[in-house]
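Protein chains: 2
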Amino acid sequence: MSKKLTKRAEDYSKWYNEIIQKADLAENSAVRGCMVIKPYGFAIWENMQAELDRMFKETGHQNAYFPLFVPKSLFEAEEKNAEGFAKECAVVTHYRLQNDPDHTGKLRVDPEAKLEEELIVRPTSEAIIWNTYKGWIQSYRDLPLLINQWANVVRWEMRTRLFLRTAEFLWQEGHTAHSTKTEAVAEAVQMQKIYAEFAESFMAMPVVKGYKSESERFAGAEDTYTIEALMQDGKALQAGTSHFLGQNFAKAFDVKYTSKEGKQEYVWATSWGVSTRLIGGLIMTHSDDLGLVLPPKLAPIQVAIIPIYKGEDQLAVISEKVEIIVKSLKSKRISVKFDDRDTFRPGAKFAEYELKGVPLRIAIGNRDIENNTVEVARRDTLEKKTISQDNLINYIENLLEEIQENLFSKALLYQKNHITEVNSFDEFKTIINTKGGFVSAHWDGTIETENKIKELTKATIRCIPNDAKEELGFCVFSGEKSVRRVLFAKAY
Amino acid sequence: MSKKLTKRAEDYSKWYNEIIQKADLAENSAVRGCMVIKPYGFAIWENMQAELDRMFKETGHQNAYFPLFVPKSLFEAEEKNAEGFAKECAVVTHYRLQNDPDHTGKLRVDPEAKLEEELIVRPTSEAIIWNTYKGWIQSYRDLPLLINQWANVVRWEMRTRLFLRTAEFLWQEGHTAHSTKTEAVAEAVQMQKIYAEFAESFMAMPVVKGYKSESERFAGAEDTYTIEALMQDGKALQAGTSHFLGQNFAKAFDVKYTSKEGKQEYVWATSWGVSTRLIGGLIMTHSDDLGLVLPPKLAPIQVAIIPIYKGEDQLAVISEKVEIIVKSLKSKRISVKFDDRDTFRPGAKFAEYELKGVPLRIAIGNRDIENNTVEVARRDTLEKKTISQDNLINYIENLLEEIQENLFSKALLYQKNHITEVNSFDEFKTIINTKGGFVSAHWDGTIETENKIKELTKATIRCIPNDAKEELGFCVFSGEKSVRRVLFAKAY
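Protein chains in written order, with the numbering used here: chain A, 1 to 492; chain B, 493 to 984.
It should be emphasised that the hints constitute simulated quantities derived from the structure, not laboratory data.
A hint or two may mislead.
[Unchecked claim] 16 Å max Cα-Cα, derived EDC-like pairs, lysine to aspartate or glutamate: (1) Lys973(B) to Glu947(B); (2) Lys114(A) to Glu580(B); (3) Lys134(A) to Glu519(B); (4) Lys384(A) to Glu370(A); (5) Lys572(B) to Glu753(B); (6) Lys349(A) to Asp390(A); (7) Lys337(A) to Glu550(B); (8) Lys349(A) to Asp339(A); (9) Lys106(A) to Asp918(B); (10) Lys87(A) to Asp602(B); (11) Lys598(B) to Glu83(A); (12) Lys57(A) to Glu538(B); (13) Lys944(B) to Asp918(B); (14) Lys598(B) to Glu79(A); (15) Lys829(B) to Glu58(A); (16) Lys606(B) to Glu157(A).
[Said to hold, decoys possible] Reference listing, derived: stretches of chain B covered by chain A, where coverage requires no fewer than 3 residues with Cβ under 8 Å from a Cβ of chain A: (17) 517-528; (18) 545-556; (19) 641-651; (20) 773-781; (21) 896-905.
None of these values were measured; they are calculated from a predicted model.
For glycine and all other residues, C-beta sits at the position ideal for the given N, C-alpha and C.
Starting from the given sequences, assemble the full structure and let the hints guide the process.
Spelled out as structure tokens, the structure:
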């Protein structure tokens with residue numbers, strides 16, 4: 001494996017794939033479109049999960065687990081949802097293998113073991129969950145029902161990319177039931193806010209909060225709230241969505257409750273999810289031509305310490321010092337790795353932690369022992385400083401916070417510089433094809449215009465921002481009247 | 493739903509199912525053999541996961557994630573493993589649905605969307621993982637490789653029971669690779685020890701550590717180490733297994749490494765797992781005719797506090813006191829629920845927490861406020877005591893520990909009283925059919941005898957205990973010579 005990473009400016013897509021490979025995050029598997037998430041990549045996901053799970057529980061949600069399979073008859077019950085996912089479903093048709101009589105040592109599907117009803121591997125779990133909720137909800141006392149599930153789902157995508165779009169992916173899916181429309185909408189909006197908070201405070205990835213146009217909505221939703229991030233190549237990434245499902249699933253699965261007044265009413269629903277796709281967003285928001293750059297709050301290793309030594313004796317002296325540092329850092333819940341492997345030289349270790357995006361690297365050698373110093377290197381700015389050991393722990397703690405903030409500020413500046421207002425279709429095309437990013441434009445509100453623009457530019461409506469101000473104008477494409485600008489972009 | 497639980501002595505199996513239903517742990521789903529794990533049951537699993545995950549990481553393991561699907565050609569590569577699981581596999585054959593031309597609004601499998609190679613939904617992941625390890629292992633420097641995965645797996649069991657045997661279940665599976673046989677065996681034994689420690693210290697469930705006879709081994713293993721627990725009805729439960737896989741998978745997937753001496757060698761492997769089955773074991777170890785009994789270390793709610801009041805004013809005074817108690821308990825990481833719902837009466841709440849196995853219940857009423865007391869009720873012994881509020885937090889902390897120990901002692905006593913040495917087949921049959929539990933008997937070491945005994949008594953060899961002493965004797969069935977006793981039992 002060549003040490004040299006392709007530069008972003010040369011080939012952004014190749015750079016992305018190489019980072020994933022060289023930083024040991026994930027790889028393609030023997031199953032078409034399915035990835036193996038390697039330990040270092042999975043540790044990032046675990047950190048994401050821990051924070052999100054805490055945020056969900058703090059807002060009253062509980063975890064549960066529903067079956068991987070959805071019987072076809074349930075899958076097709078909510079028609080729009082079924083239609084939206086039918087074209088990319090893994091379908092289980094048999095439940096047994098047998099020895100292949102024609103090929104010794106090989107197996108074949110046992111034709112006798114055909115299922116009476118096919119099972120769909122869940123692409124999303126509304127159907128199986130709402131079929132279950134029917135038994136759980138009788139009275140207003142059972143509401144709201146606030147449930148989340150961490151699970152794997154499968155969507156048979158034709159073109160896949162590690163983390164961004166894989167046939168199987170890991171995610172969380174919240175599914176809630178409410179007695180009123182107001183409450184359900186508030187829940188959907190709350191979850192959008194939580195996703196945005198997570199993206200910005202932990203991933204250091206600024207997002208635009210908005211809602212989807214009809215054609216970009218989740219299949220079966222009345223409204224889809226989204227958080228949209230911007231990658232360094234000017235393409236947008238839908239990073240999380242929260243859906244107000246109206247009474248669509250309640251009606252499809254006949255889920256009613258008795259109100260305080262004794263009336264039978266359909267319940268109101270939401271669902272919301274983020275997935276391992278976030279790791280793709282994390283990579284493309286911060287990383288540079290030297291490799292991955294991770295925000296400290298999600299980095300599996302926040303500080304790597306590398307001894308510079310000749311011979312066992314020097315290593316022993318250094319190790320003694322480092323052990324004290326490691327202990328102090330751990331007591332502050334800072335994740336630290338002392339890399340004293342003797343099978344690699346310091347230079348190779350420096351390169352490895354640079355590639356892996358470890359926020360801080362500390363080198364400590366013989367002279368440092370004499371001078372009571374260490375060398376601290378920041379991954380984000382690549383600055384190096386020689387620091388006294390005396391106040392090191394505080395220094396590191398503050399520096400990690402500073403890095404977290406710096407990464408966010410930098411990404412926010414990039415985002416702000418890449419939201420461009422345009423007032424003509426020529427301008428629109430120019431920006432999309434050169435500068436990229438979000439294009440803020442008037443749109444006449446029709447699907448026809450949306451489709452035409454997509455056809456001509458590959459740009460889609462990413463969202464109508466929550467805070468879009470009312471402003472009279474004319475659609476950049478059709479010239480029809482419009483009351484607010486929406487954000488277009490090419491997207492992952 | 494009737495409040496009354498079937499008694500264990502009446503119908504143990506019915507009692508088990510009712511507890512799961514009434515304590516809101518899980519339920520059967522619309523998918524044959526697959527369960528829905530409800531929030532309260534899932535919270536127990538989350539507590540189990542947290543402790544096990546910590547223990548795995550403390551012993552150097554890292555988490556990763558491998559695909560849900562195994563291509564048939566990989567699945568069949570290790571012959572014994574394939575043979576062991578082929579008869580109970582969910583098989584994906586198609587990747588798309590289409591509108592059913594004969595039934596408007598219905599879907600059918602698109603016959604055009606047939607996979608070239610069928611995909612098996614993983615019943616266990618050795619095949620896909622060893623196929624991946626081939627790319628990860630080149631040199632002795634890459635070893636040991638110590639990886640764990642938390643995942644769902646599917647085994648198309650014909651007879652299923654909630655938690656104990658379900659078509660889909662949740663588990664963790666460790667898969668490790670080593671340069672020497674000694675190291676791999678030590679790993680397998682270490683994981684058996686960790687499982688035993690978890691079972692005894694957290695689940696308060698005593699286990700026998702042993703290894704399996706050949707016919708009870710994992711398909712593809714050279715040795716299977718097991719922990720075997722004993723349920724209250726005298727049946728054994730295999731609670732966790734750890735396999736020394738020899739070089740079987742390394743050879744099937746051609747995984748070699750270059751040794752320090754520059755030689756090409758096959759690596760040595762282990763795999764090990766525990767699953768949501770543990771929740772079944774937890775239920776059947778401690779619970780009683782009043783409902784679930786949970787050990788404090790795994791209870792989602794350790795302390796439930798119930799106000800006894802008339803009118804809003806009294807509740808306000810009580811709530812003020814309780815809030816201080818709740819805060820103090822939480823600062824000690826004790827999980828507490830203040831149940832001030834006005835839709836249920838205290839009696840109903842008492843019954844609910846009894847059914848749900850909450851270790852401690854605190855009642856606090858008007859008189860308690862006057863006397864500076866609370867009433868504390870233990871779920872395990874059903875004792876109630878009136879306690880001063882002054883030293884309450886310490887009292888609760890100690891009492892939770894005492895309950896944890898008491899549950900273990902009680903279960904251990906039951907286990908000790910249900911390991912019966914027998915020296916004839918008549919005795920063997922009598923014990924198995926009356927007292928139940930483990931029967932410690934001499935066995936001639938042949939599969940024929942094992943099968944015959946199973947046929948005649950339904951008892952199987954649960955394990956050869958790790959600490960079985962050498963003792964000359966004669967097989968209870970065949971009269972042939974034997975050098976140690978093994979443990980038989982009827983099992984779940």
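Given the hint that Lys349(A) pairs with Asp390(A), does the C-alpha gap stay at or below 16 Å?
violated, 25 Å
Is the straight-line distance between the alpha-carbon of Lys384(A) and that of Glu370(A) 16 Å or less?
With Cα atoms ~19 Å apart, Lys384(A) and Glu370(A) exceed 16 Å; violated.
Taking only the CA atoms, is the gap from Lys57(A) to Glu538(B) under or equal to 16 Å?
Measuring from Cα to Cα gives roughly 13 Å; hence the hint holds.
Given the hinted pair Lys114(A) and Glu580(B), is their Cα-Cα distance within 16 Å?
holds, 12 Å
Lys337(A) paired with Glu550(B) [C-alpha distance capped at 16 Å]:
holds, 14 Å
Within a Cα-Cα threshold of 16 Å, do Lys572(B) and Glu753(B) meet the stated pairing?
violated, 32 Å
Holds or violated: Lys973(B) to Glu947(B), with C-alpha atoms at most 16 Å apart
Since the Cα atoms of Lys973(B) and Glu947(B) sit roughly 22 Å apart, the hinted pair is violated (cutoff 16 Å).
Within a Cα-Cα threshold of 16 Å, do Lys134(A) and Glu519(B) meet the stated pairing?
Distance ~13 Å between Lys134(A) and Glu519(B) Cα, so the pair holds.
Hint consistency between Lys598(B) and Glu79(A) [alpha-carbon to alpha-carbon, up to 16 Å]:
holds, 9 Å
Residues of the segment 545-556 of chain B with Cβ under 8 Å from chain A, three needed, outcome
holds (count 3)
Coverage of the segment 641-651 of chain B by chain A (three or more Cβ within 8 Å)
Our answer is that it holds, as 4 residues pass the Cβ test (under 8 Å) against chain A, meeting three.
CA of Lys598(B) to CA of Glu83(A), is that 16 Å or under?
Answer holds: Lys598(B) to Glu83(A) is near 10 Å, not above 16 Å.
Of the numbered hints stated above, those contradicted by the structure are hints 1, 4, 5, 6, 9, 20, 21, listed in ascending order.
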